[in-house]
Structure formats: C-alpha cells, structure tokens
Amino acid sequence: MKLKLKIWRQPSSEARGRLESYIVEANEHMSFLEMMDVLNEQLIAEKKEPVAFEHDCREGICGTCNMVINGRPHGPQRGTTTCQLHMRHFNDGDVITVEPWRAKAFPVIKDLVVDRSGFDRIIQAGGYISVNTGQAPDGNSIPIEKDTASEAFDAATCIGCGACVAACPNGSAMLFTSAKVAHLGKLPQGKVEHVARVKNMVDQMDEEGFGNCSNTGACEVECPKEISIENIAMLNRSYMASIFGANK
Amino acid sequence: MSSIDLKSNTPEGPLKTKWSEYKGTMNLVAPNNKRRIEVIVVGTGLAGASAAATLGELGYNVKAFTFHDSPRRAHSIAAQGGINAAKNYQNDGDSTYRLFYDTIKGGDYRSRESNVYRLAEVSASIIDQCVAQGVPFAREYGGLLANRSFGGVQVSRTFYARGQTGQQLLIGAYQALSRQISTGQVKMYNRHEMLDLVKVDGKARGIITRNLLTGKLERHAAHCVVLATGGYGNVFYLSTNAMNSNVSAAWRSVRRGALMANPCFTQIHPTCIPVSGEYQSKLTLMSESLRNDGRVWVPKTEEDAIAIREGRKKGNDIAEEDRDYYLERRYPAFGNLVPRDVASRAAKTACDEGKGVSPTGLAVFLDFASAIERYGKAAAHSKNISNPSQKKILELGESVVSQKYGNLFEMYEKITGEDPYKNPMKIYPAVHYTMGGVWVDYNLQTNIPGLFALGEANFSDHGANRLGASALMQGLADGYFVIPYTIGQFLSKEIRTPMISDQTAEFDAAEKAVQDRIDNLMNIQGNQSVESFHRRLGKIMWEYCGMSRSAEGLKKGRQMIRDLRDEFYKDVFIPGSANEFNPELEKATKVADFLELGEVMMCDALDRNESCGGHFREEYQTPEGEALRNDADYTYVSAWEWNDKDPILHKEDLEFKNVELKTRSYK
Amino acid sequence: MSLTGLFLISFLFVHLIGNLQLLYDDGGEAFNTYAYFMTHNPLIKGISYGLYFFILLHTIQGVIIAAKNRSAKGYKYSKPSGENAKWASKNMALLGLLILAFLFLHMGDFWLKMKLGQLGMVAVEAYDFKVADLYSRVSIAYQNPIIVGSYLIGLVALYFHLSHGFSSAFQTLGLNHKKYTPLINGLGMLYAIVVPLAFAVIPIFMYFK
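Chains as they are written, first to last, in my numbering: chain A, 345 to 592; chain B, 707 to 1373; chain C, 74 to 282.
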C-alpha cells in the first residue's frame, strides 16, 4: 500500500516546526512504527535526517511511543498504543497526519519527541507509599478484597505515555494523576498517606503547567489502557477532603 | 596475558546459614560515613531502581542513570507471567531448598550454588516488600495472595498481577526510587547513556555519559559503580527485548577489564509470534502460561504443510489423525509443558523437517480447540445444561479461555489480524533472555573492585537456562536485598576516601577516548544504515549461534562477524551531528558493541563442547536428539576477557556440594 | 464551576415553570400576576441578586479557566479529531458566552424595559392596583421573527451547554458511580433536551398564535 504521510518536523525545541510530506510504501502486516522505520531507512538512504520518534518495547507496555495520528493520540484503534497499531487499519492511498503530543507541559524536543518529565515529578511529589526496604510485614498479613485489588490494578495499569494529556483540549494531566491516586488510595497500604498524597500531587500537576479538567472525557477514550475517569472523580473527592477535611 | 584468579568469595559455612551468618558478620558503613559516600547506579529497571532506592534509604548519595526519558520505561516492565517466591502459601510442599533445587536443575547445573540458594532465601521478602509498596498482586476471594504454576516445577509459587507482573513490580520500584529522588538522596539522570567506565588505581570510580538531548559528554564520579543494565538479547536483532535494550554499559566495562561470563547461554522462548517479513523490528512474546492449555502441533506430512504455507489449507482443515502433536509424542511425561529450551528446539526440528506452517516456513501451531471444548463441556456440566449443542459448548469454552488468556488472545489478534479462538495460533521461538552476563562474585562484585553488576546484566543465578518467573525474582533480590549489604564489604574500606574528583587524568583520558570513538563513527560517512548492519549481525547470530550450534558453523559465524565489523567501520552512515539529539548515533555505538560481543559469544559456544540448557551443540546429543551434557569437562563458568585478536578464557570451577548432578529428563 | 452551574440549572427549572404561564389562554392574567410577584417580593428579590451574582461568578470562573486551559494546551493539532469527545464538551466557553449574550438580549428586552417603566399598566385580579403588562410586551416581541430566531439560537446553545454541564458537575464533585453515573448522564441529557425545548415552545407558540 502507498501512503502519503504528513509529519511534523521540528529540528529542536527552539526551532519552528512544520508538517512535511512523504510518500512511503508499506504493507498491511507492518506495525505503524515499522512503517515509520521504513520511511527512516528511505530517508537515510537519501542521506537525509530521519524522523525522530520515541519507542522502545513495541508491545504496548513501556509507554514510550507517542504519536498523534490523524488528530488522535495513538491513532484510531481503541485501547491500542502506536506500536501495536497495525497498517491493516489503513487503506492504500490514505493521507496520514502525524504530530507530536501537544501540551505546554510537554515541550517538543525534536520532531515527534516530547519531554514528559513532568509526569516523573508528579510521582515524586507523592505517588508512592513511604516504606523502606525491609520494613514490610508478611504479604498476607492484610487481606485485601479481591475486587478492591482488582480496581487498584485497573488504575495501576497506566503506562505513563501521556496520551491523556495529548487528547485533552486543556492539556490536563488529571487522568494520569488520578490513576496513581486511585491505585494507591484503594489499597489499605496506601490509605495512610492518601490525603496528603492527593494534595501534593495535584499541586505539582498545577506547577508543571498542566491544564484543568473540564470533563470532556477525551482522555478516557484515547487511553491505551482504557483507564476510567471514575478515577478523576475519586481524585476530586479526595482533593476536596484535603482542603476541607477535619484535620486540614 | 596474565591469568585472572576468579575467586567467588563465597563465605564458608553450610549452605542454609551462609547468607544469614555472612550478613551478621560483614563490615558495615556507619550512617555518618554513608553521607560521605557516593554510588553510581546505571540502569533503572527492577534491579537498578530497587538498588538505587534502597541505597538511598540507607543514606548513601546515589546518582542513578537511564537512557530512557523516565526510569519507568525499563524493559522489566514487559515481563508478563509472574515472580517466584518460596512462600509456601499454597501448602504444597514448597521451601527455600525446593526453589533452590528447581533453579539449579532448570539451569542445567551451570550456576553457583551459594548465589542461587541466597536468591531462593530472599525471595519471600520480595513479595512482602512489594505488597507493602502497593503492588496489586492477584488475590483469592478470601483476600489472600493467589499463586499459579509455571513450567519446569511441581509447586505453585508464582505470584502475578494479571499478565502485567513486570509492569507492576517495576512501578513499585520506580515509586520507591521517586520517593528517594524527592528527598534528594538519589539524583536522577534521565536520557543519559553510559559510554565508558572510569577506573582510578584499578577501582571503578566513575562513568562517562552522553547527554542524549544535547550530545554533551559528561563525567560522573563516585566511590563505586553499580551496573544494572539488563541483557544483551538484541545482539540477535530480532528478540523480545525492547528496541533500545543493549549491552553497551556492560560491554564498555568489559573493555575496561571486567569479564563476560557464559555469553553463549541465551534463552530462546518457544511461544512468540512468528516473523512476518523483512521489515520486522522485534518479536512479541506470548506468555508461557498459554502452554498450560494450548497443544503444539504441525501437520504429519510436508504436503499438508506446503498447502498451509501457500494458503490453500488452514490449520482447521487438517484432520486429527494427520496432525503431529510432537511435544506430547516425544515427551509424554511433561507434554506441552516441557522447559523452554526443549520446546524451542523441538519446534525448530519440526520446521527443519519442512513442516512449518507460516509462509516463511518458520512457525508451528498452538491450538486451543481441545481446551475450548474441554472447558465448554465442563462449564455446561456445572451449569446443568444437559445435551448442550456443539455451538453452546464452544461458546462456553471460549468464554472460559477468554477469562484465562483474554488479553493475550487480544494482543495476538491485534498483531496478526487472525482470531485465535477460531484458528490455531502460529508461534515460533525467539530470543528472550540472556543467562550470561558480567562475571560477579558472591558480593555481586566484578573482578574490577568497586564495580558491581545486578539482575540480567550479571551471569550468576540461572546457569544455562532460566526458569519462568525467575528473572523478576533475581532483579529484585539483587537490588532490594543483596547489594545493600554486599556493597558495604567494599565501601567499608572506602570511608576515608574523600569525594572522588572528576578532574583527573583518568577522567580526561576516558572522556577523550569516548569523544574519539564518536568522532570516528561520525566521520565514516559511508553508505549503509546502522539498522542494516544490526539486521545482518542478527542473521549471523541466529544462524550460527542460535537454537543449535556446531563447531563448523561457529567458526564460520565468527569470521563473518569480524568481516561485518570491518565493513561497519568503513561504510556505516550516521546522519546529523554528535552535538544534538541523534538516535542514529546512539544506535551506532550500541551496534558497534554488539559486533564485538557477538564474536565472544561465538568463541564461548565453540569452547563449550557439550549441550546444556539454552546451549545446544549438534555434535553433542543423544541418539534421540536430546542435549548431552559433559559434567566432567565443562562444570565451569567461562569468563571472557576482551582481546581484539582472540578473546581470552578464564574459568571458575563450579562445585556442587548440595545437589547431585543429574541428566534432565522430561520424557 | 460545578456548584454555580448546578445552582443555575435549578434556577432554569423554576424559571421555566413560571414562564409556562405564558401559554395560558387568559390574556396574560396569570403571567402578569406572577411577574409582579417575582419582581416585588423581597425574598425573591434577594434570591435574584444571588442569581446575578452566580451568573457573574460562573462566567468569570469559566472565562479564566478557559483561558488557562487554552494556554496549557499551547499548539493545536493541525488535523483535530472530533471522535474522542462531544463537541459541546470541548466548546463550553464558547457556548457559555453565547448564552450570556442571549441573556443580555433577553434582559434588555423585558426586565430592563419593565424597570425603566416603559411598559403599559394593566389590572389583575390578585392585586387592587395595576401591574406592569409584561405579557403584552412578550407577545409583541414574539411576533418578531428576528427575536424568535435569536431566542432559538440561544436555546440551542443552552441545550449543548447543558448536555455537557449537567453530568460534568457531578463528575467534578467527585460523584461518579458505576451504577448511578449512567443514570445521571441520562437524566442530564433529558434535562438538556426537555428544558430548552419547553422554553422554545413558548416563542414558537406565541409567534404562530
């Protein structure tokens, strides 16, 4: 299949970027990133600079790959990362626009590569349980209801790719932050620090320049791990508790 | 060349109390001194993140490095199945000794007893630690932790978090690390790649890194250096490793005098999605757990196989009596659940006989039809449906299978576009894990004082073959519970050493060497892409140092690699410049290192005139085609010193005092 | 946003009930009585000042947040996709401003005219004095197709605004539940359709009367 790609090229964070067009010959068994590999091989053969994009595990779990394909983070398939998206979902002759994640808090580094270190700093602000190695009691000392563990797991499947921020018209990181808050806050081990954690993480999120949640729900639709905005509601509740709560 | 005396430094005493007595008597570093000591940790996967976090908690000043944009991206995240621990929660007779024994036997008696026993001993604490961190392990209805069983063992000791255990454990370690970063105890360097090790007076005292965003070379000094940089499976180009996984940090250390141990011990995982074309960049693993219910087969006749390859027939068109369930036929006792190395070789044999079922001829079927029918009938029975229709049975059966393997089936369908509920899956073995790695002693210290290696980067625990769900266990054991103690054996002698300066002749020389190397690569300006060299290297490795090896092939392969290396340094093309974000340059330094490692792997495989675990030499097999070990001559660790002309072999003899060496049989 | 929004949502309902009296075929008797009561009862007056305040607050908050969010997004996609969220959800500020413009028009047409004493006076049964004849003013206004048209536009904007706002307010307050959220979403859509539709019936009905 022959495709026309319009890809965002930007030499560095300071430089201005623009869409450039390329023609590439792909086949339907390729993954989207393998199609990009083919394009890059083509560019290198012409001694041109290949398109910079990030990727690593190519099995949908590391959260490194990030492309906005035809306006949709990770492309048109639901619950799928860019690396797991296959070309059989496109047609011969398609024009495909590929852009980087867009948000003030995710500045472009080069072409399709953006800086997502804000996510790390949100976790550093409190996305953990304060337990030193060696302090732990026996793993079975606190029984946890199967459904509770399962809900915590659902939130914990976040891969930190940033598609939620990319999809959000406000560049908000609420889904990411709330997933961590819910993962830890639902478990008895994480309840102890829950309220303080919520306050600190939300404050850090604001400091990073992520926007506010206006409940468009776009994050949930584009999340490759299909994390629910129920977590955002939980975050909202806990945040109010952190401000108006009895011991605040 | 001087011979290196490889002392394992295993403490005296009986196996069972060795570690606890050693811990109780080893040298300590007092808290006020820890504040004056710096430790570099390279890599932030399970081993690196857990080590950096724990060392930070202890009060050391830690500098942690990853080439990723975040420590959370390390490839530990992709581990699916689970993590072993000798908890005996299931009351099925598990114990530290049994986990130790299974690991030694599974590794085909090529690992160090003392290290493996310690691994089994600390395994239980890992689970406790992870639960306390908030890892959402699978649970039973009573709220207690659930277990499942894995290949090669007779107990249920594998803890899991659906099919994403590695992810959950890594996030636990990442959170612990993040907590130390926020306290300032760990300074995190993202997007920094280690390109050289700096030795001062024979001790590891720092590293040279390249800031991947700016291309700037940086010096980082510390009292010691810990490598936790993972395995080297990507030397095969196609593997289940992440695209950026590489050997460079370890290999640069080898170039500075560390030794590469058992490099030929690579694990080929039997259930991966087959290669579909030349453009393929990586292979995807399908969890070993699928072999609990899937039956592996190929057509009995080549004629049917050809028909399938050409698309004239489908798997379902082949009648039951025309199928060869070769694992069940050859290994009736273990059937489809033989260990990974055995299953992989059997698949290769079937395809070599022309029975392969994909257009490339390199695939076998993994069929769930009988499992679906069996589960369907059972479900109908438990729902009191009498005389269920075939359609109803399949519907019920599919739903059971979907509960067990739903996410894997979905992934398979996403990648291949075929529905595994209706047609048998096609699978083929692929490189998955490397048991070999940097040589370390009992303290996880390499032969360079002050240089440590953890997790997949070292060689110590898995011998010639790793059991499923043991990689996660080893990474976390090393990081949380071993290195925090053993590093003190070295650092307790360094408390009078002031902060290491990076403005010394040694750092000058190391930085210049890195700069020269990069300039050299950039200046070649040839015509072939880095990727094309990597692909060619991978083909050579797979062909001559893959699932089965021969002396003749290994000699040929070695020469081919040397030729390829020459060609690489004459004709590689790297676009852009060295002073910017340049993924092609990053790839080039990695491939250059693989081109050297590959040669050492060939040498190692050639030296080892026996078949054991993942290493199968065609010359050494039983009349039935099973691996033939040679304990009399090869019960040693081969540790290779790099040399441009001919790598030099050093040996550490392995002693087995607590287990009897037996032939592995799964018949 | 959520609390002020929910207050305004509840106001809409009260307002609608009152206005439906326009449909009584009694020459405006009921409506004019109601209008007088609403503009002269001290309690209602107090509430109405609260209402103005909340409208203002809702608007200012909304504009500030929208501006912040716009800047937090920075660049827009050159090929934006409408598939991941409702159009209304992404354009609440625009819709809100449209509604605000409509409110000015609306208040100018009736409330201001009444306050300035530009309306005729009429006797009603409930009081022994004459009250402002708002009914006639409304009837006249609704003979003008331009006014009716602009009202309908305002109500369409209200529909879109409510279609997101109703359920969104609950989500912001942290009220999201596996069982009840679909119910709230359904109720929200029903409200968003029924209320503006009922409001729309009035000018249309009076236009064709």
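For the record, the hints were derived by calculation from the structure and aren't laboratory data.
No residue lacks a Cβ here, since even glycine has one placed at the ideal position from N, Cα and C.
Some clues are possibly wrong.
[Claimed, not checked] Label pairs and their in silico Cβ distance ranges: (1) 1325(B) with 363(A): 24 to 34 Å; (2) 1089(B) with 432(A): 51 to 61 Å; (3) 391(A) with 1249(B): 27 to 37 Å; (4) 87(C) with 487(A): 50 to 60 Å.
Quick rundown of the hints versus the structure:
1. The given range of 24 to 34 Å is broken by residue 1325(B) and residue 363(A), whose C-beta atoms sit roughly 59 Å from each other.
2. Taking the beta carbon of each, residue 1089(B) and residue 432(A) are about 37 Å apart, not inside 51 to 61 Å as hinted.
3. For residue 391(A) paired with residue 1249(B), a C-beta distance near 31 Å keeps the hint of 27 to 37 Å intact.
4. Roughly 51 Å separates the CB atoms of residue 87(C) and residue 487(A), a value that falls within the hinted 50 to 60 Å.
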